[in-house]
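Read off the chains here:
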Amino acid sequence: MDKFTTLTGVAAPLPLVNIDTDMIIPKQFLKTIKREGLGKNLFDEMRFNRDGSENPDFVLNQPAYRHAEIIVAGENFGCGSSREHAPWAIKDFGIRCVIAPSFADIFYGNCFKNGILPIALPQDVVDILTEDAKKGSNARLTVDLEAQTVTTSDGQEFHFEIDSFKKHCLLEGLDDIGLTMEKASAIDSFEAKNATLHPWV
Amino acid sequence: MSAPRTLYDKIWDDHVVQQDEDGTCLLYIDRHLVHEVTSPQAFEGLRMSNRKVRAPERTIAVPDHNVPTTGNRDDRIEEEESRIQVEALDKNAREFGVNYYPVNDIRQGIVHIVGPEQGWTLPGMTVVCGDSHTATHGAFGALAHGIGTSEVEHVLATQTLIQKKSKNMKVEITGKLPKGVTAKDITLSVIGATGTAGGTGHVIEYCGEAIRDLSMEGRMTVCNMAIEGGARAGLIAPDEVTYEYVKGRPHAPKGAKWEAALSYWKTLFTDEGAHFDKVVTLKGEDIAPVVTWGTSPEDVLPVTGVVPDPASFKGGKVDAAKRALDYMGLEAGQKLTDIKIDAVFIGSCTNGRIEDLRAAAEVVKGKKIAEGVRGMVVPGSGLVRAQAEEEGLAQIFTDAGFEWRLAGCSMCLAMNPDQLAPGERCASTSNRNFEGRQGFKGRTHLMSPQMAAAAAITGHLTDVREMM
Ligand code: SF4
Chain A
1 MDKFTTLTGV AAPLPLVNID TDMIIPKQFL KTIKREGLGK NLFDEMRFNR
51 DGSENPDFVL NQPAYRHAEI IVAGENFGCG SSREHAPWAI KDFGIRCVIA
101 PSFADIFYGN CFKNGILPIA LPQDVVDILT EDAKKGSNAR LTVDLEAQTV
151 TTSDGQEFHF EIDSFKKHCL LEGLDDIGLT MEKASAIDSF EAKNATLHPW
201 V
Chain B
202 MSAPRTLYDK IWDDHVVQQD EDGTCLLYID RHLVHEVTSP QAFEGLRMSN
252 RKVRAPERTI AVPDHNVPTT GNRDDRIEEE ESRIQVEALD KNAREFGVNY
302 YPVNDIRQGI VHIVGPEQGW TLPGMTVVCG DSHTATHGAF GALAHGIGTS
352 EVEHVLATQT LIQKKSKNMK VEITGKLPKG VTAKDITLSV IGATGTAGGT
402 GHVIEYCGEA IRDLSMEGRM TVCNMAIEGG ARAGLIAPDE VTYEYVKGRP
452 HAPKGAKWEA ALSYWKTLFT DEGAHFDKVV TLKGEDIAPV VTWGTSPEDV
502 LPVTGVVPDP ASFKGGKVDA AKRALDYMGL EAGQKLTDIK IDAVFIGSCT
552 NGRIEDLRAA AEVVKGKKIA EGVRGMVVPG SGLVRAQAEE EGLAQIFTDA
602 GFEWRLAGCS MCLAMNPDQL APGERCASTS NRNFEGRQGF KGRTHLMSPQ
652 MAAAAAITGH LTDVREMM
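Chains A and B, in that order, give the protein sequences.
Going by our numbering, the first sequence opens with residue 1, and the numbers climb by one from there.
Going by our numbering, the second sequence opens with residue 202, and the numbers climb by one from there.
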């Protein structure tokens, strides 16, 4: 998995609440058996008109935000389905960090499996970051995972909370399947115990 | 004596393989359900790292999202990308040796209908699937939730998940439901009351007389939409209704194992005085038949209401409501029952079980679908379909002008040929009314099977109580 340490980049403001996974990557793009290549369809129905042309009003189509690496959004980001295609599409587009007042649980967890950092901050802080993001490509946000801070283009610094295990895995780029497989003997003994206690399972 | 525990606490405790100091746990998974959309990358990952499926006997695969619901199931799927996904599942299931119900097996259906139907889902288990509506299985008092594809791979390889415990939330529905009010109205009303993020970070236990009175089918409908309320999972403590449903299913325990299981299952309830971090109580008597008007499941109102004014909301919801009305083609103040529909979809893992079809058929019986409305009934599994045919329900639907389909996710999500055209409006028994969910620019109103059936007959959203 890709490491995440620090990131300084353009942040795209997307101040909508309840941005769901169908908006992030509509289901017609889930018919892939690969993880890559979904970035071109990120936010497809908002980003493109039916005839395939770009919708110039959508933030990621504006020159300043075409290469955004951060999204600043409204509460409950990523609600809806468990599809990991949502973080895959976000990552494939080039976005490595999403900042919002809150996230849907499954989406939040999926981000970490893909080297994306989701940051939850209070609404008033997100409002400040949104205003900063609106300044365009000259205003870059800096995210420092080790220090757990987000810094605006004019130097205002905000602290965020993150689970220590998730932070560690992201900083080191650890693959958690490998980590768990090292615990095979504990899993073996759990199974043995359970076969006696709950033989019908 | 140990401290009183919730049902969730008990199931959790019984599945912890290992716990770290910071509370991160390795949780054992009893059943892993797999479908074709969220699994190919996980199997591919196993192959690339030379890993096996640790417990193929606990893994159950079935194609559902992509499968066409018409035609001959032995034929190749026409749409290429869908075919590739279904064929990948075929190949993966056989290569890794997991339990498998291919598309031409009568037991095939929507994964969340097949699991309980075959007796794979049992009380007290941990059940996961790369699908958010895994919450459905919580109706059995199983801890069941959706996972992402990386976690699918993790479970395939290790039969465990790395998890932190969620908080406990109690949703109590007291008293009796009025006539014409169903499990779907309960679950939508709860989301209406708490919002789509109301359950975030929590596992909900549904309880109270109105929940106890529900059949297993109804309980599955309630738990199915726990995820729309943002919860990690929804649970209902097992009781006689549960045991009765489970008994005799192909993979349910038999003989001495059944007795042993039963005595364990009877310990699965929330202890007196156990702590809940959040409590929501609704009165059963106050719940009405509801419909959604917007593009989020929390946009729900009694069918007797009017389309709300976006200005009546707060914060970010004002813009979201404006956008929703624009998308849905509705005006504030419009009576909900004046909304005309083009299509009706009865099916999905929320309402594609036999009881749902019975309820809809009762409304439809002897009547005809309104002129210009297209109606579709899609059983949740091949077995539900067969039973409905045996009971004469299929005949009632086809006589009324409905299409009688083969089992699958169908128009619940537009991944197969069953889709709305742009601007078309659908009365749907599914669980999501997101933009584009049932087809590009399609408009979805969520409701119960009875209400969808009533709308099919009148051609507009209708209070089913007036037809009873
Ligand atoms: S019926 Fe709908 S919600 Fe249920 S599993 Fe299929 S697509 Fe998902």
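These are computed hints drawn from the structure, not numbers from a lab.
Any given hint could turn out to be false.
Mimicking BS3-like on lysine-lysine, the simulated pairs with C-alpha atoms at most 27 Å apart in a straight line are [what the hints assert, rightly or not]:
no. : chain 1 : residue 1 : chain 2 : residue 2
1   : B       : Lys-211   : A       : Lys-135
2   : A       : Lys-34    : A       : Lys-3
3   : A       : Lys-167   : A       : Lys-183
4   : B       : Lys-467   : A       : Lys-193
5   : B       : Lys-536   : B       : Lys-380
6   : B       : Lys-292   : A       : Lys-193
7   : A       : Lys-135   : B       : Lys-292
8   : A       : Lys-34    : B       : Lys-292
9   : B       : Lys-366   : A       : Lys-193
10  : A       : Lys-135   : A       : Lys-40
11  : A       : Lys-34    : A       : Lys-166
12  : B       : Lys-642   : A       : Lys-40
13  : B       : Lys-467   : B       : Lys-366
14  : A       : Lys-166   : B       : Lys-380
15  : B       : Lys-368   : A       : Lys-167
16  : A       : Lys-167   : A       : Lys-3
17  : B       : Lys-377   : B       : Lys-366
18  : B       : Lys-365   : A       : Lys-166
request  = List in ascending order the numbers of the hints, as given earlier, that are violated by the structure.
outcome  = Of the numbered hints, 1, 6, 7, 14 and 17 do not hold.
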